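Chemist: Single-letter residue listing:
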Amino acid sequence: AQSVSQHNHHVILSEAASLELGCNYSYGGTVNLFWYVQYPGQHLQLLLKYFSGDPLVKGIKGFEAEFIKSKFSFNLRKPSVQWSDTAEYFCAVNQAAGNKLTFGGGTRVLVKP
Amino acid sequence: EPEVTQTPSHQVTQMGQEVILRCVPISNHLYFYWYRQILGQKVEFLVSFYNNEISEKSEIFDDQFSVERPDGSNFTLKIRSTKLEDSAMYFCASRGQGSDTQYFGPGTRLTVL
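These protein sequence lines are chains A and B, in that order.
One point on numbering: in this note's numbering, the residue at position 98 of the first sequence is 98, and numbering is uninterrupted.
One point on numbering: in this note's numbering, the residue at position 71 of the second sequence is 71, and numbering is uninterrupted.
Source of the hints: derived by calculation from the structure; they are not laboratory data.
Incorrect hints may appear among the rest.
[To be verified] In silico EDC-like links for lysine to aspartate or glutamate, alpha-carbon gap of 20 Å or less:
| # | chain 1 | residue 1 | chain 2 | residue 2 |
| --- | --- | --- | --- | --- |
| 1 | A | Lys49 | A | Glu20 |
| 2 | B | Lys42 | B | Glu3 |
| 3 | A | Lys61 | A | Glu20 |
| 4 | A | Lys78 | A | Glu88 |
| 5 | B | Lys78 | B | Glu1 |
| 6 | B | Lys78 | B | Asp63 |
| 7 | B | Lys83 | B | Asp100 |
| 8 | B | Lys42 | A | Glu88 |
| 9 | A | Lys69 | A | Glu88 |
| 10 | B | Lys42 | B | Glu68 |
| 11 | A | Lys49 | B | Asp100 |
| 12 | A | Lys49 | B | Glu3 |
| 13 | A | Lys61 | B | Asp63 |
| 14 | A | Lys58 | B | Asp100 |
| 15 | A | Lys78 | A | Asp54 |
Everything numeric in this text was worked out from a predicted model, so none of it was measured.
If we strip away everything but chain A, and leave its shape as in the complex, we get (with noise of 0.2 Å):
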């Protein structure tokens, strides 16, 4: 079964620095990945995904995240954080196009103005 991991559960910056979220997941398979955001109070949110194509891929609020095969990694970063993004990141994969997501545990990212 396939599973998914964040490093961290918690990660406390300040305003400007960059940001950078681990995921890993472990399925031999072909995978679909996606990075979710919950802000406080608001339901979850698609930030990216990645199907195939560029490894690199970019998303809405200047995120972007870096798919290495080899890794079994699909890191989410951002190179300068706002307050606006205190929420919480989740990195899911599926294993075709509209199938069951699995999740990984979430990150809560606290941003200090």
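Since the structure of chain A is already known, use the hints to place chain B on it.
Modeler: Only chain B this time, still in chain A's reference frame:
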């Protein structure tokens, strides 16, 4: 922008009671999902639904659970006899034909006393 909506936002029930959680998917979407997140744990897949049938279900989705699309707009999750361990946040998601992205609702927090 169209959104998935869920009602109620919070449901409190006594153990053994039946609950129905309601979701209104995005109007032209054809694929529907339920996930849940027990406090402090990962978001877990429960069930997927397409063409008035369950497409896939997890081990969690036992005989106590059922889903229904009673009309053209609602998608419901019923728990027949709730247990304490059913306390969780329940998320509905929907996906359009030919799309690879699941859109999530804000969730219903179910508390079983």
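Chemist: Which earlier hints turn out false for this structure, listed by number in ascending order?
Modeler: Violated hints (numbers, rising): 2, 5, 7, 9, 10 and 13; every other hint is consistent with the structure.
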